[in-house]
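Make the full structure from the sequences, and use the hints.
There are 6 protein chains.
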Amino acid sequence: MQPAPSPIAATVDFAAPGVGHGFLRLPHSRDDAAWGSIMTPITVVNNGEGPTALLTGANHGDEYEGPIALFDLAATVRAEDVTGRLIIVPAMNYPAFAAATRTSPIDRGNLNRSFPGRPDGTVTQKIADYFQRVLLPMADVVLDFHSGGKTLDFLPYCAAHILPDKRQQAAAFDLVRAFGAPWSVRMLEIDAVGMYDTAAEEMGKVFVTTELGGGGTASARTAGIAKRGLRNLLVAAGVMRGEVAAQPTRWLDMPDADCFTFAEDGGLIEFLADLGDAVEKGQPVARIFPVTRTGLAPVTVPAGRAGLMMARHFPGIVKPGDCVAVIGVEVDE
Amino acid sequence: MQPAPSPIAATVDFAAPGVGHGFLRLPHSRDDAAWGSIMTPITVVNNGEGPTALLTGANHGDEYEGPIALFDLAATVRAEDVTGRLIIVPAMNYPAFAAATRTSPIDRGNLNRSFPGRPDGTVTQKIADYFQRVLLPMADVVLDFHSGGKTLDFLPYCAAHILPDKRQQAAAFDLVRAFGAPWSVRMLEIDAVGMYDTAAEEMGKVFVTTELGGGGTASARTAGIAKRGLRNLLVAAGVMRGEVAAQPTRWLDMPDADCFTFAEDGGLIEFLADLGDAVEKGQPVARIFPVTRTGLAPVTVPAGRAGLMMARHFPGIVKPGDCVAVIGVEVDE
Amino acid sequence: MQPAPSPIAATVDFAAPGVGHGFLRLPHSRDDAAWGSIMTPITVVNNGEGPTALLTGANHGDEYEGPIALFDLAATVRAEDVTGRLIIVPAMNYPAFAAATRTSPIDRGNLNRSFPGRPDGTVTQKIADYFQRVLLPMADVVLDFHSGGKTLDFLPYCAAHILPDKRQQAAAFDLVRAFGAPWSVRMLEIDAVGMYDTAAEEMGKVFVTTELGGGGTASARTAGIAKRGLRNLLVAAGVMRGEVAAQPTRWLDMPDADCFTFAEDGGLIEFLADLGDAVEKGQPVARIFPVTRTGLAPVTVPAGRAGLMMARHFPGIVKPGDCVAVIGVEVDE
Amino acid sequence: MQPAPSPIAATVDFAAPGVGHGFLRLPHSRDDAAWGSIMTPITVVNNGEGPTALLTGANHGDEYEGPIALFDLAATVRAEDVTGRLIIVPAMNYPAFAAATRTSPIDRGNLNRSFPGRPDGTVTQKIADYFQRVLLPMADVVLDFHSGGKTLDFLPYCAAHILPDKRQQAAAFDLVRAFGAPWSVRMLEIDAVGMYDTAAEEMGKVFVTTELGGGGTASARTAGIAKRGLRNLLVAAGVMRGEVAAQPTRWLDMPDADCFTFAEDGGLIEFLADLGDAVEKGQPVARIFPVTRTGLAPVTVPAGRAGLMMARHFPGIVKPGDCVAVIGVEVDE
Amino acid sequence: MQPAPSPIAATVDFAAPGVGHGFLRLPHSRDDAAWGSIMTPITVVNNGEGPTALLTGANHGDEYEGPIALFDLAATVRAEDVTGRLIIVPAMNYPAFAAATRTSPIDRGNLNRSFPGRPDGTVTQKIADYFQRVLLPMADVVLDFHSGGKTLDFLPYCAAHILPDKRQQAAAFDLVRAFGAPWSVRMLEIDAVGMYDTAAEEMGKVFVTTELGGGGTASARTAGIAKRGLRNLLVAAGVMRGEVAAQPTRWLDMPDADCFTFAEDGGLIEFLADLGDAVEKGQPVARIFPVTRTGLAPVTVPAGRAGLMMARHFPGIVKPGDCVAVIGVEVDE
Amino acid sequence: MQPAPSPIAATVDFAAPGVGHGFLRLPHSRDDAAWGSIMTPITVVNNGEGPTALLTGANHGDEYEGPIALFDLAATVRAEDVTGRLIIVPAMNYPAFAAATRTSPIDRGNLNRSFPGRPDGTVTQKIADYFQRVLLPMADVVLDFHSGGKTLDFLPYCAAHILPDKRQQAAAFDLVRAFGAPWSVRMLEIDAVGMYDTAAEEMGKVFVTTELGGGGTASARTAGIAKRGLRNLLVAAGVMRGEVAAQPTRWLDMPDADCFTFAEDGGLIEFLADLGDAVEKGQPVARIFPVTRTGLAPVTVPAGRAGLMMARHFPGIVKPGDCVAVIGVEVDE
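Protein chains in written order, with the numbering used here: chain A, 2 to 334; chain B, 2 to 334; chain C, 2 to 334; chain D, 2 to 334; chain E, 2 to 334; chain F, 2 to 334.
FYI, nobody ran anything at the bench for these hints, they're computed from the structure.
Treat the hints loosely; a few may be bogus.
Remember, identical chains collapse to one label, so a pair may be satisfied in a single copy or spanning two.
Calculated cross-link-like contacts (lysine to any residue; reagent style SDA-like; alpha-carbon spacing at most 25 Å) [to be verified]:
1. K167 to R288
2. K167 to R187
3. K228 to A101
4. K282 to E203
5. K282 to A80
6. K320 to L164
7. K167 to P299
8. K320 to A11
So, in structure tokens, the structure goes:
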């Protein structure tokens with residue numbers, strides 16, 4: 002059976018020259034608005050010939066470097082700076098972004114596990130479906146900004162995936178290098194089911210992503226990395242005029258599952274190493290204190306391998322099953 | 002009328018020699034426990050003659066450096082290290098700490114605005130009353146750990162108040178200096194009504210406090226500052242044996258209300274300066290993007306005075322009325 | 002695979018002569034009732050030969066004219082007034098009706114977008130499935146009462162759809178005319194997927210619906226329209242004895258998508274025209290004031306076409322994406 | 002003991018000439034903003050000599066005619082139109098207005114039962130205290146807009162109270178007459194404890210109020226009554242230049258407690274009379290259907306006295322104890 | 002200052018002969034009913050000369066034996082059976098009873114800790130005030146039914162307090178004996194502040210109470226004890242005609258605080274003794290399993306004294322601070 | 002399409018000799034833990050040759066006899082007592098167990114209606130899928146403990162199903178007999194869709210279940226039945242060394258749908274018979290009092306057949322559609 006058309010309608014013209022601001026309007030009948038809609042802001046810029054870049058933030062709603070760089074770009078871009086087309090969606094999972102939560106407050110959907118989506122599914126699935134069937138097919142280059150959100154913190158990095166198609170892979174890593182984050186990562190996705198990344202890559206798009214900090218905040222430093230990297234990437238991709246402002250970067254690999262350490266106990270977490278610190282295999286990276294009594298010894302959490310601490314649990318309280326730390330391995334590019 | 006006795010009963014003996022672990026038990030009849038209680042962990046250490054130090058964390062429930070230092074101290078302290086008495090309450094507003102929220106989930110009480118409390122009031126007022134009438138009178142020295150919590154971030158500092166009694170003030174600043182945080186602050190409290198600080202100081206106690214980070218997390222670095230500062234302060238106060246491990250510190254003043262900048266608009270906040278950065282009066286410290294549309298210019302938030310950014314709003318989204326930044330002035334000690 | 006039988010069991014006998022009151026019992030295991038059920042009231046009246054009319058209200062749970070007319074009919078109807086069969090379900094989405102919400106509090110299901118339903122799906126899908134496979138097949142004529150609910154307000158009208166089968170369409174409009182609401186509407190449904198209307202019409206049933214007011218209330222006037230119209234329709238359909246009490250009506254068309262105006266901004270809404278007012282294309286029908294500051298100019302919302310304002314947003318606050326107004330075109334019958 | 006000063010600070014200058022827009026900033030420390038504030042928009046207009054009018058809406062947060070008229074006035078008023086001073090607070094209980102609820106979402110406070118308030122009380126009490134001790138003393142004339150909110154509907158009227166001081170009373174009724182609502186009411190408040198009305202009148206202010214509709218909406222008609230009446234009243238009070246645009250009005254009395262009819266049963270309510278209809282004593286004004294079964298007779302609700310239905314319950318479902326209707330008596334002025 | 006009159010109005014006449022059913026109407030303005038009320042059902046029976054008995058259930062809203070006995074009495078009592086006056090309020094904290102919770106869903110008030118109440122306080126305080134100032138003064142004998150509620154379970158007993166006035170005490174124990182529950186208890190209240198018991202006894206009333214089971218249910222057996230005991234007590238008190246149906250009872254004392262055992266640990270609770278079992282001092286009465294891991298030994302909870310287990314924690318999960326068991330001592334009467 | 006592998010990973014080795022404690026780790030990305038997991042405790046015991054018994058509790062999260070027996074077994078079992086393999090999962094629906102609710106707080110899933118589950122479905126479906134595809138295939142014998150939970154109460158019984166395969170059926174009833182609960186039941190499941198029972202039986206496993214009490218509690222007596230029965234069953238199944246401690250049991254049948262009585266009315270329920278009481282067909286087993294007024298007669302609920310009351314509604318308040326009582330028929334074994 003032919004899938005139904007997407008219920009989402011754009012109020013911008015994807016083909017019109019110049020800068021257009023508008024919405025992706027998704028009808029959403031609910032108790033507080035029988036004939037309500039979800040209005041996701043979008044900017045489209047067309048100028049001359051050139052590739053199309055699809056730029057997104059807030060795939061998870063509590064990650065802020067991407068939205069800052071993209072709301073800023075949308076507010077300042079001039080058509081004459083562009084050579085091709087920009088499609089800017091600063092807050093991809095808009096209901097989650099508006100609620101400042103990772104997942105959608107409407108259906109608790111994790112947008113980055115909802116692809117390819119469904120036109121007749123939940124709100125999050127409808128958004129995924131629109132990207133899958135309408136926006137991704139228009140794009141040549143896709144940049145999806147992530148950060149750690151409220152519960153994780155990362156060394157700021159730009160990344161792409163190891164892919165079967167080595168030309169596609171090389172094109173992506175060229176853009177990672179141009180982005181110029183302090184760190185760059187080669188990712189081998191273990192469980193790629195339902196990801197936006199996978200959806201884009203399976204269509205042959207050049208896909209680049211980031212993790213630029215976390216904790217549900219953005220600093221001047223991390224926002225600066227996002228803005229500078231965005232402009233560099235667009236220039237390198239041939240969609241914006243200008244020069245790439247080269248930045249030094251260090252490369253990290255995440256070779257296997259030993260990179261990830263999980264807590265088996267809940268409690269108050271004291272880290273013994275910070276982001277960027279080198280650790281040995283088995284070295285304690287954190288201790289977890291039980292909090293219902295005083296006088297009890299904490300449980301120690303050892304590193305699963307030697308390397309650099311590249312991500313960590315953020316909240317002061319940890320729950321059984323939470324990822325405590327990720328240890329990466331620094332490599333030559 | 003004579004006030005009623007506190008409903009809180011301690012299961013530890015404040016006079017017994019050695020290390021005792023127990024609870025402050027506060028009966029709390031509620032829907033899910035008709036004869037339930039709130040059990041706040043407490044450790045008391047008595048050894049020989051000497052002053053009494055009352056040590057508290059989680060006055061606000063989402064601040065973690067203090068609880069880490071105090072759960073650690075309670076689990077490792079040996080009676081023979083003490084010369085006098087330690088009263089350790091790692092999580093002063095225990096219901097808030099258990100819920101990982103600033104205020105109590107039971108009555109939304111802000112413990113640090115609830116003094117002197119009431120024995121027949123809300124749960125938070127009953128806790129305040131117990132400190133006011135039972136624990137503070139036992140103490141000579143009081144150390145109350147704070148951090149920024151989930152919504153603020155601070156340069157790590159130890160602080161005391163400008164007081165009418167200059168001997169009391171000097172004793173407090175001696176301990177601030179011994180604590181040895183990277184920053185030390187002289188505070189002139191504008192609105193001190195209901196604070197634990199004020200309750201302690203009005204009884205003539207030597208009162209020291211901290212702000213050691215924020216965002217609802219603790220790093221290895223900030224937890225280390227708390228643990229080292231705690232031990233230094235106890236040694237300097239004559240309650241623990243050992244040597245003060247001297248640390249360099251820089252001093253800040255908060256001269257007047259111009260230090261505080263408030264947002265009049267809500268939206269996505271992009272900081273233009275980070276903690277510790279020097280700013281000029283009127284220099285933009287942040288920009289706030291409206292998020293319901295793309296293409297709109299952000300509102301700029303200027304510094305109210307020249308100085309160093311010593312605290313900032315943490316979440317990526319700001320609401321009208323939120324404090325955006327605090328600018329302090331570095332001074333000689 | 003053969004679909005499972007419906008889990009719903011009726012406690013009334015659809016074939017028994019006379020007036021029977023009972024329930025549609027739907028087992029619903031939940032935290033507050035391991036072996037609980039949803040009990041939807043139903044009345045069945047059988048007398049002699051004649052068609053079967055299936056009469057429903059509260060398809061959306063916050064619409065009241067239909068339930069008033071149907072609870073009243075069920076309480077007063079005498080078997081001897083009937084010639085055929087009445088199946089009366091005054092509150093079709095009973096959980097929503099009991100909660101006074103548009104959608105089901107159990108699964109947030111919008112019953113009128115849940116057809117054909119599933120016997121093993123959500124509660125709302127199980128209700129849809131029972132109507133789809135049990136009740137609709139019994140019916141010749143279907144009347145489904147709607148009103149605007151808490152968030153919309155309508156000129157009171159009775160309506161039927163433009164259909165491919167012109168005989169079926171004519172039969173429906175005969176009943177619309179007999180109903181005799183102040184307004185009558187010819188509807189061309191754009192997105193009919195999942196609707197009860199579509200389910201009935203695809204089975205060849207004569208289907209009539211209404212919009213009789215809104216705001217989550219019913220006035221004496223609109224309840225009177227529902228009660229009088231119900232009786233007229235049943236007489237005209239040959240299911241009740243009596244005479245049609247002819248009422249004048251005016252006809253409206255909704256020719257295209259320009260009838261619908263959506264808000265792009267949220268705020269305090271001031272209407273500049275009321276239900277029934279004539280407006281010109283482009284004429285402002287409402288203004289939206291931002292509410293976070295005073296002194297700002299409101300945004301104007303223009304009519305998308307000339308015509309009569311036949312529906313409007315109801316709450317005093319409007320959100321981006323809400324339908325502000327519907328403009329219909331008065332036509333000769 | 003001297004009461005503490007109000008924690009609220011105004012960002013507008015009440016004495017500055019011209020039109021000033023700003024906020025009443027009330028610090029409000031909470032889980033999602035440790036140093037947050039409630040920002041209530043305010044406009045002050047000063048021009049030459051003349052009385053001060055204090056104008057308020059959204060004393061209850063779900064009443065909209067007042068906010069529409071006052072946001073509109075604040076956005077359009079020119080200093081040269083004023084002779085004296087206007088203090089405009091379109092949303093007096095701003096947290097309730099922002100939540101679209103009658104009472105405050107923070108403390109469930111009903112602002113109009115919270116006077117004289119407390120500077121150290123709940124948020125709602127702090128707002129009341131600021132009006133009591135800061136704003137009311139500045140005023141000569143006070144206009145407080147009300148409507149029925151989401152759960153009541155009223156014939157649109159302007160009103161003042163029967164007062165012991167007949168000069169004060171006459172001044173108020175002069176303004177009621179000038180306002181020119183379709184209906185005007187002489188109110189004898191039975192339980193005036195905690196009301197803003199009482200606070201103003203006890204200070205000798207000329208106090209006028211309204212009920213201009215209800216249901217949690219505003220129509221073009223009722224918003225027009227508010228805007229026209231506001232301008233008329235300000236002209237009549239000598240605070241604005243211009244002419245009173247005279248409007249006919251009819252007068253109602255509410256002589257005693259028999260005016261109010263309460264439901265003893267819950268269920269689906271069918272009104273038998275609408276606003277403005279004349280009823281006899283004992284005449285049924287509504288019927289209440291039980292909704293857990295079909296086939297049961299409704300309970301009848303009789304009028305407690307003869308007169309005009311001037312207010313009614315709004316939602317389609319009524320609960321035991323709800324006021325069903327208010328019957329007023331039309332009188333000569 | 003003279004306290005304000007109670008806002009509660011009774012719709013029954015306390016002096017009228019015969020059986021009267023009605024309500025205590027407490028106005029309660031709230032978001033879902035601007036002019037709503039709380040309607041507490043009440044029955045008054047007057048016949049001839051004799052004492053007044055005030056009979057109450059659901060002082061805590063999740064206790065059912067009392068409401069069963071009192072709704073039953075109100076529905077079946079004939080005036081001619083009475084010699085004096087009965088005032089029957091089957092659900093004293095009606096909002097809590099309607100929500101099936103111990104405390105009020107409106108203000109979380111524990112009615113039995115809210116005396117003497119306030120006419121201008123919370124809803125629960127207003128109810129307490131009405132009993133304090135209106136109903137208790139009318140009464141000679143007061144019977145207040147309790148059970149364990151959802152979180153406790155009790156051996157079924159009737160009880161009165163050890164009082165300074167030995168005549169008052171004796172009169173109460175005469176009624177306890179007449180009630181004839183399987184167990185009878187002499188209570189020495191340790192913390193009587195705010196209790197209804199204390200309010201009644203301080204006015205010199207003869208006050209009797211019960212604990213008749215628990216778990217938030219009532220069995221045929223415990224409901225039978227309540228109904229039989231109620232009738233016996235009323236006959237013994239001279240308010241109803243008839244004979245006391247004598248029942249055997251056993252007497253328990255609760256000599257001191259060692260009767261109560263509290264949990265210091267949370268987890269899955271396994272009882273090792275049941276209600277009515279004899280235990281020795283130090284004998285384990287329960288074990289608490291941690292539930293986050295398998296393989297850990299449970300914590301043992303010892304009896305604080307020798308005696309009979311007369312009450313226990315009910316839910317399968319226990320929290321730190323919950324009362325696990327109460328051990329009473331059987332005594333001769 | 003090949004189904005995806007389960008996302009659940011076990012941290013125990015199912016083949017390792019001896020006693021192993023660990024977790025089933027199910028990744029669960031959510032707002033409070035971006036990289037969080039659900040950690041279900043599990044114990045595996047391997048020793049020598051013999052069958053595998055899969056032992057589960059808390060299939061519904063508010064049933065406690067099973068978890069007590071299984072946490073106890075996991076904490077005390079020695080490898081040398083086992084002849085074969087034990088797989089012990091004391092809390093099968095761990096999120097529900099942790100929340101003390103029947104269904105999962107994450108997705109409201111009823112685990113016992115979620116089989117065969119889905120690896121890419123809801124959390125509850127993922128758990129079902131893991132049992133379906135990983136654990137059940139390893140097992141020879143399956144014991145799934147149930148009790149009534151918070152809303153039902155049962156005579157304590159062990160049970161198995163009437164099955165088409167009479168050898169499989171006989172093996173199950175042998176274990177029921179060995180279990181030795183006070184009651185034993187032969188169940189003919191009417192609606193077996195989605196049940197764990199069905200999943201196990203369709204794979205040819207020997208499946209035994211229980212209902213051992215209810216009300217959301219466990220008594221010493223019912224916990225003792227569970228522990229003794231568990232050991233007996235494991236011995237009889239040849240998985241543990243030892244002797245079956247024979248217990249007398251009485252047998253019940255549930256012949257048809259007349260065993261189940263449902264309420265059509267809500268209110269306060271008074272039972273007229275208790276668990277274990279014999280009733281005649283049509284005999285009132287309960288009465289339901291309306292609670293909005295006093296003075297109304299209760300509705301009577303008759304037994305649908307003669308027999309023994311073997312289960313009943315537990316809470317003091319009943320809702321329309323709740324099962325009030327189950328009447329079983331005692332039979333010879």
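How the hints compare with the structure:
1. K167 to R288: neither (42 Å within a copy, 41 Å between copies)
2. K167 to R187: within (13 Å within a copy, 59 Å between copies)
3. K228 to A101: within (21 Å within a copy, 33 Å between copies)
4. K282 to E203: neither (36 Å within a copy, 47 Å between copies)
5. K282 to A80: So K282 and A80 fail the 25 Å test inside a copy (52 Å) and across (33 Å) alike.
6. K320 to L164: Neither way: K320 and L164 sit 34 Å apart in one copy and 43 Å across, limit 25 Å.
7. K167 to P299: neither (47 Å within a copy, 41 Å between copies)
8. K320 to A11: between (42 Å within a copy, 18 Å between copies)
Of the numbered hints given earlier, the model fails hints 1, 4, 5, 6 and 7; all others are met.
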